[in-house]
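Both chains are sitting in their own frames, so use the hints and assemble them into the complex.
Residue numbers (the working numbering), protein chains in the order written: chain Z, 1 to 286; chain E, 287 to 617.
None of these hints come from the bench; they were simulated from the model.
Since we're looking at a predicted model, the values are computed, not measured.
There could be a bad hint or two in this list.
[Claimed, not checked] Calculated pairs, DMTMM-like style, for lysine to aspartate or glutamate (alpha carbon to alpha carbon, straight line, at most 20 Å): (1) E:K323 to E:D301; (2) Z:K142 to Z:E63; (3) Z:K171 to E:D350; (4) E:K615 to E:E478; (5) E:K308 to E:E337; (6) Z:K95 to Z:E29; (7) E:K303 to E:E513; (8) E:K485 to E:E595; (9) E:K323 to Z:D140; (10) E:K518 to E:D491; (11) E:K436 to Z:E109; (12) E:K345 to Z:D140; (13) Z:K142 to Z:E233; (14) Z:K142 to E:D491; (15) Z:K234 to Z:E212.
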Amino acid sequence: MPHIHDEKAKELEEKALRVRELIIDMLTEAKSGHSAGPLGMADIFVALYFHILHHDPQNPDWEDRDRLILSNGHICPVRYATMALAGYFPIEELKTLRKFGTRLQGHPERLRLPGVETTSGPLGSGLGQAAGLAYAARMDNKNWRTYCLMSDAEQAVGVLYEAMLFAGRNKLNNLTGIIDRNNIQIDGFTENIMPLEPLRAKYEACNWHVIEVGGHNIEQFVNAIEEAKAIYEKPTVIIAHTIPGRGVSFMEKKFEWHGISPKPTEADAALKELRTLGGKIISEHE
Amino acid sequence: MPLNLNAKLVPTVSDLKSLDQKPTRDGYGQGLVIAGKENTGLVVLCCDLTESTRSLMFKKEFPDRFIQLGVSEQSMVTIAAGLALAGKVPWVSSYAMFCPGRAWEQVRTNVALNETNVKIAGAHAGVSVGPDGATHQAIEDLAIMRCIPKMTVLAPCDMIETKKAVIAASRLTGPVYVRFTREKSPIFTTEETPFIIGKATTFWDGKDVAILACGPLVHNAILAAQELEKKKISARVINIHTIKPLDEEIIIKAAEDCGAIITVEEHQVNGGLGSAISELLAENHPTPVERVGVRDRFGESGEPSELIEAFGMGVSHIVEVTLRVMTRKKI
Numbered sequence: 001m002p003h004i005h006d007e008k009a010k011e012l013e014e015k016a017l018r019v020r021e022l023i024i025d026m027l028t029e030a031k032s033g034h035s036a037g038p039l040g041m042a043d044i045f046v047a048l049y050f051h052i053l054h055h056d057p058q059n060p061d062w063e064d065r066d067r068l069i070l071s072n073g074h075i076c077p078v079r080y081a082t083m084a085l086a087g088y089f090p091i092e093e094l095k096t097l098r099k100f101g102t103r104l105q106g107h108p109e110r111l112r113l114p115g116v117e118t119t120s121g122p123l124g125s126g127l128g129q130a131a132g133l134a135y136a137a138r139m140d141n142k143n144w145r146t147y148c149l150m151s152d153a154e155q156a157v158g159v160l161y162e163a164m165l166f167a168g169r170n171k172l173n174n175l176t177g178i179i180d181r182n183n184i185q186i187d188g189f190t191e192n193i194m195p196l197e198p199l200r201a202k203y204e205a206c207n208w209h210v211i212e213v214g215g216h217n218i219e220q221f222v223n224a225i226e227e228a229k230a231i232y233e234k235p236t237v238i239i240a241h242t243i244p245g246r247g248v249s250f251m252e253k254k255f256e257w258h259g260i261s262p263k264p265t266e267a268d269a270a271l272k273e274l275r276t277l278g279g280k281i282i283s284e285h286e
Numbered sequence: 287m288p289l290n291l292n293a294k295l296v297p298t299v300s301d302l303k304s305l306d307q308k309p310t311r312d313g314y315g316q317g318l319v320i321a322g323k324e325n326t327g328l329v330v331l332c333c334d335l336t337e338s339t340r341s342l343m344f345k346k347e348f349p350d351r352f353i354q355l356g357v358s359e360q361s362m363v364t365i366a367a368g369l370a371l372a373g374k375v376p377w378v379s380s381y382a383m384f385c386p387g388r389a390w391e392q393v394r395t396n397v398a399l400n401e402t403n404v405k406i407a408g409a410h411a412g413v414s415v416g417p418d419g420a421t422h423q424a425i426e427d428l429a430i431m432r433c434i435p436k437m438t439v440l441a442p443c444d445m446i447e448t449k450k451a452v453i454a455a456s457r458l459t460g461p462v463y464v465r466f467t468r469e470k471s472p473i474f475t476t477e478e479t480p481f482i483i484g485k486a487t488t489f490w491d492g493k494d495v496a497i498l499a500c501g502p503l504v505h506n507a508i509l510a511a512q513e514l515e516k517k518k519i520s521a522r523v524i525n526i527h528t529i530k531p532l533d534e535e536i537i538i539k540a541a542e543d544c545g546a547i548i549t550v551e552e553h554q555v556n557g558g559l560g561s562a563i564s565e566l567l568a569e570n571h572p573t574p575v576e577r578v579g580v581r582d583r584f585g586e587s588g589e590p591s592e593l594i595e596a597f598g599m600g601v602s603h604i605v606e607v608t609l610r611v612m613t614r615k616k617i
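For reference, chain E alone in the conformation it holds in the complex (with noise of 0.2 Å):
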């Protein structure tokens, strides 16, 4: 079984019904609550979306360190960028359209130029937003905070990475942008399964062909390299929960070893993680790449597993598009 044990992660990971499932955005909230007690400078701003971002957890443990803002998503980043130059650590908190999406020129200038300590957390990020439909799907939120000079940008996989990137980013020093997701999705990592931010771990071995995928996708990603298996074919898994700054060792090595790529994400497949792959291999050592995520279009209504799928980022999906970028392999 190709599992890599040392990702400890939890043994049936490919056993969906063992499974336990929760929201990422569960993951965000409880790391608050640690690194709220780790650092008491930290203090956290919401807009008006204190239960949805479960910001809330936060609030309840520390009630004079919770600023409500209303719905005011460009000021929460100036007031955050005013209380970090005051040596606080601010997380803000909204859904990834409204911040960054609405605040980008303020994330830019106030926070990543201005190289405040301001930590971005983005709920509702990706189709899986569901009922909602396209104004709330965050499917462009990777792409521009990636462009930003200084900014750190994070994609964790379940709850309980959500919540070590949560406590990693209040650690480090610098802006850092931390996506998660509003539906809930397998918990398939333990505590022990090791975090860094800039590393990258593999999550299943392979040979044949390389799957370098973030967010919670990247559990599809682990049963697509299943199916795989039954056609002898032996895919890697990789998570790669830091978009920026890249683990780009692990992803030549993977192109090196492997001779085929793709990338999973639950974002548009220009400007996220698919074009941060592509650009690394393209300079350091080209290699056949197909990208699976959402191609150039906007999100609409509908259940999460539904949007998933329609949007061509099932295991079915991924299977077919690894296949095709086998027959482009180099002999």
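Chain Z on its own, in the form it takes in the complex (with noise of 0.2 Å):
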């Protein structure tokens, strides 16, 4: 399903809003977990669930549905709501986030909820199952294609760099990550904490293909999206330039919001806030 036209992008922002709205709702009802990352990746999660992945809501072990293994595992609220939205299971679940006994746990988990492809937490690891997945693939002969989503912070992690190796010595073209840069990371900025830059030049290394694309523009993202699926002899990333926060002014690019829940106040705040927002999507597109 290649280019998106207006009607579809149009489609996809009213989504990308209502996702937002959910992840503050299920954040401030849950009193805990990460604000900042969720709000930025919105627009790529609807992106990828309305019109990229080819997966099956019904049936989410369809043999040949594309895998996309989230390696930010604490970046899981905008998963939830952007799968409760897509159908595989109701939205009024995510009222249950964190809390004892659900299966939408404070970092997700395979076994608990069906259509999480692997459990993840713990950073670093998301690049090397993907790899893993896309090598089986290329095993069976199989079309399916692997993404792995991964935070920008991430990349300073030791097995990320091994798996970025790996991949690229075995020309994973099935493979695709995507790079959410943010710029922010709990303690602060990323080139303030331990410098990630210059990104692009670690993977071509590593024998990549790189693209970067701004993370809220959904057209450039599938474009990038399609460019991958035509690059033959290696793996590529995308780095999706994100605003951390978007949508809610007040926690746009503030690391501080990176991992802490809105009070209701400030939940009330910023659900006026995107439907303001809403309101402008709707007009530009008129």
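Okay, structure coming up:
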């Protein structure tokens, strides 16, 4: 499903807005969790689940589905919200996030929630698992693709570098990495904590094809995914430049919002802003 | 002669000179080839130690199903988890010190918590690694694997049993850790010796004291039992090849019948077989226990046999500890 038209872009942007509202709702109810990352990745998740991935919410174990590995498990609220909206489970269940007995664990667990491809949280481990999946698909001549979502800060983890080497050496062209380049981590801005740049050059040095996009431009992102499919000799990584906390002005670009949830009054303000933003999206397309 | 005939051991088991000697790691290579023929989904990963871990035997037979990682033990485990998520049965091979040692978190999260069907082969376990010294002698691996939920932990006693362990682990659905050793050791079991994961076997019958051992030191335990016979002490020797899940029945029965237990392992006495058995008996049938193994120190360079003696795991040490535990028996 290649390029998207204005009508489709508008539909996806509206869905992303709905996902952001659900994120605020569920985090407020949970009273803990991560805010900035999930809000920043809403557009990409919606593009994946509602346009890019071959998947079936009614049959999450469908053998030929595309695999979406979420390496930075802590942004799972955006995955849960998007999955609920896509029909994997009732939206109502989002209110159970992080509560005892829930399928929506604080960090996602494969065995608890169908459709979560792997258990994740400890950073850096997703890319290797995605590479293993892609390697197996190639061994078995399967056409499904593997996507691996990563944070930017986890690019510092050693095990991730090992997987970068492996995927590049084995020319895993059925593997696409997506990095949420939002420049924040728990303790501050990435370039102050442990500089990651030049990120592009690091992947290129390991035999990866690199594409940089605006992470809130769904059309650009979809085009990058299509470009990756056409690269034959290498895996591709898409560095998506995003704004952490996107859509809620008092959270945007604030590393302080990496690992906390909004209080009820903050949630009200956030939802009000998101609704105003909704009006803007609609008018832009009209 | 108290040799348990049902165990179908080599009849001359107590005559060390009569026995062939080969390292248990050879059994890993042999087992992989057999299991690989049985299951076309079986793949083997290795971190630049292909010859040494004996995964080379599989590579020669199935080059397309062998994956070279380079020195990357942590990603080897994550990649294996991914392969397993796609239905493969991956074996990851390295020295136990590096995997699971270095890759413990990946094993815990991506294999055990995630319940992926990954098999972990830890070569060069124990001080009998020899001249390479402490950095390469894994004597904590049983402890760090035994504490992980859903993990099966195996420590086979000779080359033939290692081969069986690898075949059985490949058939089992779920994470398994198998440790093996570098140095050649006596081959004293046979193809007919029973091997079922979780089911220990009595190798030597006895009633005064029970010696519960794992790995190649099981043979030392048998030699010790023979020495004890000369002192009119009847020692039972049980091969505990499965550290987890423990064969609780056979261990509790040994405690009931004999009233004194010693454990023997080429591992820290803290956290491994000795701990597992002490915990089981403390909760179910409190019995005097003494543990033979490495006592809270690191290994060092030396010849394997020299190190086994220096670290107190030789036949004479087992005899000595057995006599000591017997003085603690409740009459």
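So, going through the hints one by one against the coordinates:
no.: 1; hint: E:K323 to E:D301; in the structure: 36 Å, violated
no.: 2; hint: Z:K142 to Z:E63; in the structure: 10 Å, holds
no.: 3; hint: Z:K171 to E:D350; in the structure: 16 Å, holds
no.: 4; hint: E:K615 to E:E478; in the structure: 35 Å, violated
no.: 5; hint: E:K308 to E:E337; in the structure: 15 Å, holds
no.: 6; hint: Z:K95 to Z:E29; in the structure: 6 Å, holds
no.: 7; hint: E:K303 to E:E513; in the structure: 16 Å, holds
no.: 8; hint: E:K485 to E:E595; in the structure: 30 Å, violated
no.: 9; hint: E:K323 to Z:D140; in the structure: 17 Å, holds
no.: 10; hint: E:K518 to E:D491; in the structure: 14 Å, holds
no.: 11; hint: E:K436 to Z:E109; in the structure: 15 Å, holds
no.: 12; hint: E:K345 to Z:D140; in the structure: 18 Å, holds
no.: 13; hint: Z:K142 to Z:E233; in the structure: 17 Å, holds
no.: 14; hint: Z:K142 to E:D491; in the structure: 55 Å, violated
no.: 15; hint: Z:K234 to Z:E212; in the structure: 16 Å, holds
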